[in-house]
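Under the numbering used here, think of the first position of the sequence shown as 1, with each following residue one higher.
Since the hints were derived computationally from the structure, they do not count as laboratory data. You may find that some hints are simply not true.
[As the list claims (entries may be wrong)] Here are the computed lysine to aspartate or glutamate pairs in the EDC-like style, where the Cα-Cα straight-line distance is at most 20 Å: (1) Lys2 <-> Asp34; (2) Lys2 <-> Asp29; (3) Lys2 <-> Glu48.
[As the list claims (entries may be wrong)] Restraint ranges, calculated between C-beta atoms of paired labels, are given here: (4) Gly35 <-> Pro11: 34 to 42 Å; (5) Ser31 <-> Gly10: 30 to 38 Å; (6) Val44 <-> Asp14: 20 to 28 Å; (7) Gly41 <-> Glu9: 15 to 23 Å; (8) Gly10 <-> Gly46: 18 to 26 Å.
For every residue, glycine included, the Cβ atom is placed at its ideal position computed from N, Cα and C.
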Amino acid sequence: MKIESLELEGPRGDEVLVRIVASGICHTDISFCDGWEKTDGPVVLGHEGAGIVD
1 MKIESLELEG
11 PRGDEVLVRI
21 VASGICHTDI
31 SFCDGWEKTD
41 GPVVLGHEGA
51 GIVD
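Whenever a hint applies, use it, and build me the whole structure from the sequences.
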């Protein structure tokens, strides 16, 4: 597992930007790290985030 920064487009007219300041991991995330779940590409883990609306 590694942390990477991504460059994203700005929000569109009906969207907001949320700057994530903390994120938990769950059983599904751990299953990818331990090889229980298979994937062909990169996976973004930590879908339980907390952030600030920019």
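Is 20 to 28 Å right for how far apart the beta carbons of valine 44 and aspartate 14 are? For valine 44 and aspartate 14 the Cβ distance comes to about 22 Å; the hint holds.
Regarding glycine 35 and proline 11, is the given constraint of 34 to 42 Å on their beta-carbon distance met? Between glycine 35 and proline 11, where Cβ atoms are some 35 Å apart, the hint holds.
With respect to the beta-carbon atoms only, verify the hint that serine 31 and glycine 10 lie 30 to 38 Å apart. Between serine 31 and glycine 10, where Cβ atoms are some 33 Å apart, the hint holds.
A range of 15 to 23 Å was offered for this pair. Does it hold for the Cβ distance of glycine 41 and glutamate 9? 20 Å, holds
Straight-line alpha-carbon gap lysine 2 to glutamate 48, limit 20 Å: 17 Å, holds
Measure nothing beyond the straight line between the CA atoms of lysine 2 and aspartate 29; if it is 20 Å or shorter, mark the hint as holding. 13 Å, holds
Is the gap between the beta carbons of glycine 10 and glycine 46 within 18 to 26 Å? 22 Å, holds
Need the status of pair lysine 2, aspartate 34: alpha-carbon distance at most 20 Å? At roughly 14 Å apart (the allowed maximum being 20 Å), aspartate 34 and lysine 2 satisfy the hint.
Violated hints are absent here; each numbered hint is respected by the structure.
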